[in-house]
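Colleague: Each chain, written out:
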Amino acid sequence: MTPAQRCPLCRQTFFCGRGHVYSRKHQRQLKAALERLLPQVEAARKAIRAAQVERYVPQHERCCWCLCCGCEVRKHLSHGNLTVLHGGLLEHLASPEHKKATNKFWWENKAEVQMKEKFLISPQEYARFKKSMVKGLDSYEEKEDKVIKEMAAQIREVEQSRQEVVRSVLEPQAVPDPEEGSSAPGSWKRTNSHVGSSSQQPSYLDLPPAPELDWMETGQPLTFIGHQDIPGVGNIHSGATPPWMVQDEEYVSENRQIGPSYEEFLKEKEKQKLKKLPPDRVGANFDHSSSTSAGWLPSFGRVWNNGRRWQSRHQFKTEAAARNKQQSHKEKS
Amino acid sequence: MSFLLPKLTNKKEVDQVIKSTAEKVLVLRFGRDEDPVCLQLDDILSKTSSDLSKMAAIYLVDVDRTPVYTQYFDISYIPSTVFFFNGQHMKVDYGSPDHTKFVGSFKTKQDFIDLIEVIYRGAMRGKLIVQSPIDPKNIPKYDLLYQDI
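Going line by line, the protein sequences match chains A and B. So the number in our numbering is just where the residue sits in the first sequence, counting from 1, plus 658. So the number in our numbering is just where the residue sits in the second sequence, counting from 1, plus 2.
Treat the hints with care, since some could be wrong.
Below are the EDC-like pairs computed for lysine to aspartate or glutamate, each with C-alpha atoms no more than 16 Å apart in a straight line [unchecked claim]:
id : chain 1 : residue 1 : chain 2 : residue 2
1  : B       : K9        : B       : D64
2  : A       : K929      : B       : E25
3  : B       : K56       : B       : E25
4  : B       : K13       : B       : D64
5  : A       : K931      : B       : E25
6  : B       : K9        : B       : D53
7  : B       : K111      : B       : D137
8  : B       : K26       : A       : E928
9  : A       : K801      : A       : E712
10 : B       : K13       : B       : D66
11 : B       : K26       : B       : E119
12 : A       : K929      : A       : D945
13 : A       : K927      : B       : D45
14 : B       : K143      : B       : D100
15 : A       : K925      : B       : D100
16 : B       : K139      : B       : D95
17 : B       : K109      : B       : D137
18 : B       : K21       : A       : E921
19 : A       : K933      : B       : E25
20 : B       : K21       : A       : E922
21 : B       : K14       : B       : D53
22 : A       : K704      : A       : E766
23 : B       : K26       : B       : D66
24 : A       : K933      : A       : D945
Simulated coverage check for chain B against chain A, where a stretch passes if three residues somewhere in it have a Cβ under 8 Å from a Cβ of chain A [said to hold, decoys possible]:
id : segment
25 : 10–17
26 : 127–137
Some chain A residues near chain B, calculated using beta-carbon distances under 10 Å [what the hints assert, rightly or not]:
id : residue
27 : V816
28 : T881
29 : G892
30 : W902
31 : M903
32 : K925
33 : Q930
34 : K931
35 : L935
Honestly, the hints are just simulated from the structure, not real lab data. Everything numeric in this text was worked out from a predicted model, so none of it was measured. Backbone N, C-alpha and C fix where the C-beta goes; we use that ideal spot for every residue, glycine too.
Turn these sequences into a full structure, and let the hints guide you.
Modeller: Put into structure tokens, the structure is as follows:
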């Protein structure tokens with residue numbers, strides 16, 4: 659009898675010796691595994707020509723399982739806050755250990771020889787990738803600079819408009835007319851809220867403009883009922899006592915008893931009961947003082963049975979019914 | 003719609019409700035019954051109040067009748083919804099500048115139900131501030147002005 663051997667690909671133990679590798683099942687598993695690995699390698703191969711550099715995102719920490727070496731390989735190469743897509747995988751595929759492991763894997767599992775080349779990356783290709791990576795880094799830096807300049811221009815524009823508004827309001831206020839004086843703060847408030855909303859726009863620059871027109875923006879604006887700041891009295895933001903905690907004058911007139919009243923005591927008892935589980939539930943907070951019926955335990959007493967649980971449950975229920983009937987008969991007579 | 007939900011008209015009633023609601027989230031909507039956004043919100047509140055009856059108690063408060071509360075909660079936009087649990091004010095981080103209340107109306111009933119459930123679970127675990135489960139796209143945006151700035 660051939661010794662038991664474990665095939666890591668099929669994740670099974672077999673006793674056929676070298677015959678297992680030629681079996682249909684093994685070849686099927688092999689094909690599926692290679693098919694899973696192939697897209698990753700193809701994506702990495704595409705990246706040789708045109709390496710992409712992106713800002714680091716925790717998603718770039720993902721690893722890929724290399725079938726031939728039997729180890730996890732980080733897919734993307736990241737340094738600082740930049741990532742080169744598929745850099746890690748390419749590095750691994752070009753390494754000599756991977757080549758050796760791939761040859762071993764192909765020989766042991768008797769895979770198709772033509773497929774082997776697809777999973778290897780030659781050192782020349784790796785050198786080409788490095789060159790395109792450098793180019794990619796340069797173009798990324800250029801892009802970043804452009805974005806920063808655009809944002810600076812936007813901020814300058816907004817500052818300009820704000821200054822204009824301030825100037826336009828200061829001019830009418832210079833005329834000491836009481837009517838004008840009352841209307842200027844009003845227009846100040848209106849233009850202020852306008853500037854306030856326009857100043858929010860640069861921060862929404864990151865989002866594309868389409869999602870901004872969701873229902874909240876185009877819906878009805880909220881009614882404004884005036885500022886609620888009375889200088890002397892505090893509010894929730896300043897940490898004042900809440901109105902419901904403030905003692906009213908009427909409270910003082912009652913003769914106050916020390917300690918909880920009778921209703922409060924009853925409420926406490928209810929709350930204690932709530933801490934325990936309801937009577938039919940089982941768990942750590944089980945209420946041991948509750949009374950349970952005969953059918954509460956889920957075991958139905960048949961020890962040597964071979965059949966379904968339903969059978970024993972059914973028998974138990976019929977017996978219980980017969981027992982109850984007998985008892986009621988006895989009581990009657 | 004707003005006649006299906008109980009209304010509170012003065013400070014004493016609000017005090018009473020805050021102090022006496024036990025083991026349920028207390029939802030107080032501050033607003034006016036005729037305001038259109040308040041009507042939308044009241045619609046959602048009344049439709050979900052029976053489903054949430056074991057988890058939440060919902061009341062409507064008129065801002066003009068309870069100036070003390072309007073001033074304490076700094077309610078400048080209506081409708082504003084404030085949440086309590088066992089007399090403790092619950093704060094919720096919606097992604098908006100004010101965590102003490104929800105300003106505006108909810109987009110769907112499900113948003114409101116999810117929010118109540120998150121507040122209930124957080125409060126049962128002893129938290130005083132919870133993270134809102136509502137998509138930030140569905141939270142109404144408003145400008146929080148402070149003293150004419």
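Colleague: Hint by hint, note whether the structure agrees.
Modeller: Tested hints:
{"no.": "1", "hint": "K9/B <-> D64/B", "in the structure": "holds, 8 Å"}
{"no.": "2", "hint": "K929/A <-> E25/B", "in the structure": "holds, 9 Å"}
{"no.": "3", "hint": "K56/B <-> E25/B", "in the structure": "holds, 9 Å"}
{"no.": "4", "hint": "K13/B <-> D64/B", "in the structure": "holds, 11 Å"}
{"no.": "5", "hint": "K931/A <-> E25/B", "in the structure": "holds, 13 Å"}
{"no.": "6", "hint": "K9/B <-> D53/B", "in the structure": "violated, 19 Å"}
{"no.": "7", "hint": "K111/B <-> D137/B", "in the structure": "holds, 13 Å"}
{"no.": "8", "hint": "K26/B <-> E928/A", "in the structure": "holds, 15 Å"}
{"no.": "9", "hint": "K801/A <-> E712/A", "in the structure": "holds, 11 Å"}
{"no.": "10", "hint": "K13/B <-> D66/B", "in the structure": "holds, 11 Å"}
{"no.": "11", "hint": "K26/B <-> E119/B", "in the structure": "holds, 11 Å"}
{"no.": "12", "hint": "K929/A <-> D945/A", "in the structure": "holds, 13 Å"}
{"no.": "13", "hint": "K927/A <-> D45/B", "in the structure": "violated, 37 Å"}
{"no.": "14", "hint": "K143/B <-> D100/B", "in the structure": "holds, 11 Å"}
{"no.": "15", "hint": "K925/A <-> D100/B", "in the structure": "violated, 35 Å"}
{"no.": "16", "hint": "K139/B <-> D95/B", "in the structure": "holds, 14 Å"}
{"no.": "17", "hint": "K109/B <-> D137/B", "in the structure": "holds, 10 Å"}
{"no.": "18", "hint": "K21/B <-> E921/A", "in the structure": "holds, 14 Å"}
{"no.": "19", "hint": "K933/A <-> E25/B", "in the structure": "holds, 12 Å"}
{"no.": "20", "hint": "K21/B <-> E922/A", "in the structure": "holds, 13 Å"}
{"no.": "21", "hint": "K14/B <-> D53/B", "in the structure": "violated, 28 Å"}
{"no.": "22", "hint": "K704/A <-> E766/A", "in the structure": "violated, 29 Å"}
{"no.": "23", "hint": "K26/B <-> D66/B", "in the structure": "violated, 27 Å"}
{"no.": "24", "hint": "K933/A <-> D945/A", "in the structure": "holds, 9 Å"}
{"no.": "25", "hint": "10–17", "in the structure": "holds (count 4)"}
{"no.": "26", "hint": "127–137", "in the structure": "violated (count 0)"}
{"no.": "27", "hint": "V816", "in the structure": "violated, 15 Å"}
{"no.": "28", "hint": "T881", "in the structure": "holds, 5 Å"}
{"no.": "29", "hint": "G892", "in the structure": "holds, 8 Å"}
{"no.": "30", "hint": "W902", "in the structure": "holds, 4 Å"}
{"no.": "31", "hint": "M903", "in the structure": "holds, 9 Å"}
{"no.": "32", "hint": "K925", "in the structure": "holds, 7 Å"}
{"no.": "33", "hint": "Q930", "in the structure": "violated, 13 Å"}
{"no.": "34", "hint": "K931", "in the structure": "violated, 12 Å"}
{"no.": "35", "hint": "L935", "in the structure": "violated, 15 Å"}
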